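K.L.:
Residue strings, one per chain:
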Amino acid sequence: MIVERISDTLWRRPKLLVVLLLTPPALWLGIIYLGSLFALLAQSFFSIDEFSGLINYEFTLKTYGELFIPANYDIILRTVTMSAAVTIAAAIIAFPIAYFAARYARGRWKAIFYLGVMLPLWSSYLVKVYSWKLILAKEGILNWGFEKLHLGWLLQAYLDLPFFGGNSLSTSVTGTFLVFLYVWLPFMILPIQSALERVPVTMIEAAGDLGAKPRQTFRHVLLPLALPGVIAGSIFTFSLTLGDYIIPQLVGTSRRYIGQAVYAHQGIAGNIPLAAAFAVVPILIMALYLWAAKRKGAFDAL
Amino acid sequence: MHSDRAPMGLKIAAGAGLLFMHLPLLLIFVYAFTTEDKSYQWPPPGLTLKWFAVTWNRPDVWAALSLSLKVASISTAVALVLGTLCAAAVSRSHFFGREVISLMVILPIALPGIVTGIALRAAFNLGDIPFSFWTIVLGHATFCVVVVYNNAVARFRRVSGSLVEAAMDLGANSFQTFRYVILPNIATALLAGGMLAFALSFDEVIVTTFTAGQQQTLPIWMLEELVRPRQRPVTNVVALVVVLVTFIPILAAYYLTRGTDTVAGQGK
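As they're listed, the protein sequences go chains Y and H. For the first sequence, the residue numbers in this note's numbering are 1 to 302. For the second sequence, the residue numbers in this note's numbering are 1001 to 1268.
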């Protein structure tokens, strides 16, 4: 009887049902997640006592000020530049894959393209990074390939370049970039594909009938319609690159990225306020980014 | 030009893109069998199965694997409950703050992992909470909710409201309707979401480094090996096994949600 009564009450008062449904997730995400974010924010307004190394629990903007000293500012700039470069490269590589999968792939090929994107997307992140350590190593497959093609000099010439090169590919900025690109690429493909799937084929044919060359059709019809998808994908690639600290630690130069700075400051240095302030930087950048993306209608393509 | 055949350039670009995504993973398969144990030499000087046996007898690998499996199971269970509740509420009604709820669910993966990690660490620090099995689960469940939610919310939208009303008209109470009408319709979506959540948790490393303390999940074990290599061939074998193990839930999730564009009672 009691079951019946509860059931009837829920049916008559749908609002009560919604409240009951939402309470557990809202409590979990609200308390644990938002609470933690708030704790983080609070810590960033504390400072560290330079002599004792203890946290001084008084409100100050001093820690944020430290972000603007050249060494820290460089870290932020470097990370943002890398995120932008990875995002642009990912969009360029992702577009043809997404377009082919959305427009031309049928039946078996549709499945192959879908799984072809899903499997790398969901494969272990560390294994993916590891595979690139194998590829980029001095004794690895890439160097071997260049040697076999008698192009070793070309690779060496590239490595001698001042900014992009280095001792070997696995200790160069190029290496870091390649690994970032590889690991986050699938996150770009899926949103572009879902945006392109909504473009009617007739619209592309119409553009052609009206005399547009393929290049013009792409520029004036396809690209604007796919843009929300590209932006949605870029949210992932940008955000993921912004916060990663493992890839630049394993592949690349000793120059730091935001994630590494956060990790180092909260770890051995014990400077949690500065780590927190550093972590607020990607939050702010992503907030701006999400706000701009929302205005472009990117969330409909997610 | 107006035929339904893809232009050659597009085919090549798309094919090359797919190859770029898969060749590195294939390389893992070769390296697991190499006889070389000091460097990443290519081509492998010889092939052997020896390292599989060596890995099998490593207690630290087993311990890390078992911790990862435990964490992933419990996190998935928590995420399944929370994600489904959220999806049910959001898809059934329009209420004030609905957007806030969906934003809150997406936030843990929209923000960089390091933010989630350091935020949790900061909270543990302020609350004097010691690291334990449960601090890892806390972090994992939080970002797993979104995968279940996404799968469930898409399915809930397709389960027609009239189906629920019909069940009620025929005398089923809310609980019976849920058990016999709603649950069968959303079951495969939940299973798929659960598998993806499991894969996500099983693989997570960034948040875990902040919430694990001294405990080693399999990804943390692997990270240690990558930073300070001790026995490279063992790492190769573990990498291969991880790739194979994560492929299974992905393929299963694909077959479970395939062709579900048509769900019973879908009114168009």
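Worth flagging that the hints you see were computed from the coordinates, not collected in a lab. Errors might be hidden in some of the hints.
Simulated restraints, written as ranges between beta carbons of each label pair [to be verified]:
1) Y:D209 <-> H:Y1255: 23 to 29 Å
2) Y:E197 <-> H:K1038: 30 to 36 Å
3) H:I1012 <-> Y:F146: 20 to 26 Å
4) H:L1183 <-> Y:I268: 48 to 54 Å
5) H:E1165 <-> Y:R5: 53 to 59 Å
6) Y:G65 <-> H:G1127: 55 to 61 Å
Because the structure is a prediction, the values reported are computed rather than measured. The C-beta atom is built at its ideal place from N, Cα and C for all residues, glycine as well.
K.L.:
Can you list which hints this structure breaks, lowest number first?
P.N.:
1, 2, 5, 6
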